[in-house]
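Asker: Sequential numbering from 638 applies to the sequence shown in this note's numbering.
Take these hints with a grain of salt, some might be off.
Restraint-style ranges between C-beta atoms, simulated for each label pair [to be verified]:
1) 657 <-> 748: 32 to 42 Å
2) 784 <-> 653: 29 to 39 Å
3) 752 <-> 651: 24 to 34 Å
4) 739 <-> 783: 18 to 28 Å
5) 752 <-> 659: 29 to 39 Å
6) 653 <-> 786: 32 to 42 Å
7) 786 <-> 693: 32 to 42 Å
8) 744 <-> 659: 35 to 45 Å
Derived by calculation from the structure, the hints in this document are not laboratory data.
None of these values were measured; they are calculated from a predicted model.
Quick reminder that beta carbons are idealized off the backbone N, C-alpha and C, glycines included.
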Amino acid sequence: MLTAQDIMTAEVVTVTPDMPVQDLAQLLVERQIGGVPVLDGEQLIGVVTENDLIDQAKRLHIPTVLTILDAFIPLESPKRLDHDLRKMTGTTVGDICSREVLTVETDATMEEIATIMAEQRIHTLPVLREGRLAGVIGKRDLLRVLARQS
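Start from the sequences, fold in the hints, and give me the full structure.
Answerer: In structure tokens:
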């Protein structure tokens with residue numbers, strides 16, 4: 638049974654939170670990759686993907702509010718508006734990266750990895766060994782393995 642160790646890309650391209658967004662876009666295009674882990678020193682602090690860059694170009698959704706007796710009651714979470722504003726106006730990787738990162742250990746099975754990526758809609762999945770970044774699994778890595786098996 639294949640594990641994350643067998644599937645992952647071990648030579649990982651990483652970025653730092655202070656990298657400018659323009660440099661990130663150029664890196665993703667040049668390396669033909671969809672996302673990269675964000676490291677602060679040796680610590681994994683997030684993942685940034687091409688979707689995070691695309692989010693910068695979207696239109697801001699103004700939350701719907703309900704007006705009752707001159708009081709405004711937001712019908713959506715203010716956290717969502719803050720999140721959207723941060724992504725759209727961010728100038729560095731740290732501003733736009735996803736900080737709630739799902740990871741797997743090197744012994745995770747291919748089935749576990751595929752399930753996480755499909756159910757959570759994750760395109761870039763960091764692989765950890767003893768709490769440190771050991772590799773990354775992208776959609777293309779899974780497809781490459783599936784193509785070899787058929």
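Asker: Would you mind marking each hint as holding or not holding in the structure?
Answerer: Do the hints match the structure? See the list:
no.	hint	result
1	657 <-> 748: 32 to 42 Å	holds (39 Å)
2	784 <-> 653: 29 to 39 Å	holds (34 Å)
3	752 <-> 651: 24 to 34 Å	holds (25 Å)
4	739 <-> 783: 18 to 28 Å	holds (21 Å)
5	752 <-> 659: 29 to 39 Å	holds (35 Å)
6	653 <-> 786: 32 to 42 Å	holds (36 Å)
7	786 <-> 693: 32 to 42 Å	holds (38 Å)
8	744 <-> 659: 35 to 45 Å	holds (38 Å)
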